[in-house]
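Colleague: Sequence:
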Amino acid sequence: MTDRTLPHDTYIEAVCEALDKAGPEVKDGRTDDCETRGTYCYLNAVIELDMLTAGLQEEWPHGLLLIWEWHTGREADQGEPDRGPQWLFAELQEGGSNVYPTNLPVYGYASPAAVVDAVRKVISREIEPGSHFNLGQWRGWTGGIIGGSWEHADQLEAACVAWDKQE
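So the sequence shown is residues 101 to 267, counted in the working numbering.
Honestly, the hints are just simulated from the structure, not real lab data.
Wrong hints could be hidden among the right ones.
[As the list claims (entries may be wrong)] Across the chosen pairs, the derived CB separations fall in these ranges:
# : residue 1 : residue 2 : range
1 : 196       : 121       : 23 to 29 Å
2 : 120       : 178       : 15 to 21 Å
3 : 261       : 157       : 36 to 42 Å
All residues carry an ideal CB built from backbone N, CA and C; glycine is no exception.
Work the whole structure out from these sequences, hints included.
Modeller: Put into structure tokens, the structure is as follows:
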């Protein structure tokens, strides 16, 4: 996590704790506010899962990333995401790069248990990595949205909106 407090820190900590309990454990987790094209910021978190200690290195030799983003929506008319949160995942590749992130079929403020359940489906390849050509679609997954929202979703949304007004 960053040295400063961001609106989504507590949420991402709760998701990391749930992953650590259920597995695979979190290898690295950090939150940030990111600048895109020098015109606006968005909130994000990147969670790298430890596939080695989970015994999944053969299936996922370079690892798996989970990405959470909250966008302002200011540039949605220019192809940027709409306002609000989204979860994505990406398979890591040799050398540290990753495949194009794919939407994870959970609510933007998904409960930590829902994120764990969705990650398990990604690991088992029930939900497959996609490409930038099929954003918003889930390859191999027809089960719809997994799980419910986090119990503190309303407070998190309010904090994200307040952050946006300060930017």
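Colleague: Indicate, hint by hint, whether the structure satisfies it.
Modeller: Each hint, compared with the structure:
In this structure the supplied range 23 to 29 Å holds for residue 196 paired with residue 121, their Cβ-Cβ distance being about 27 Å. Remark: the range hint 15 to 21 Å for residue 120 to residue 178 is contradicted by a beta-carbon distance near 38 Å. Range check, residue 261 to residue 157: Cβ separation about 40 Å, and the 36 to 42 Å hint holds.
Checked against the numbered hints given earlier, this structure breaks only hint 2.
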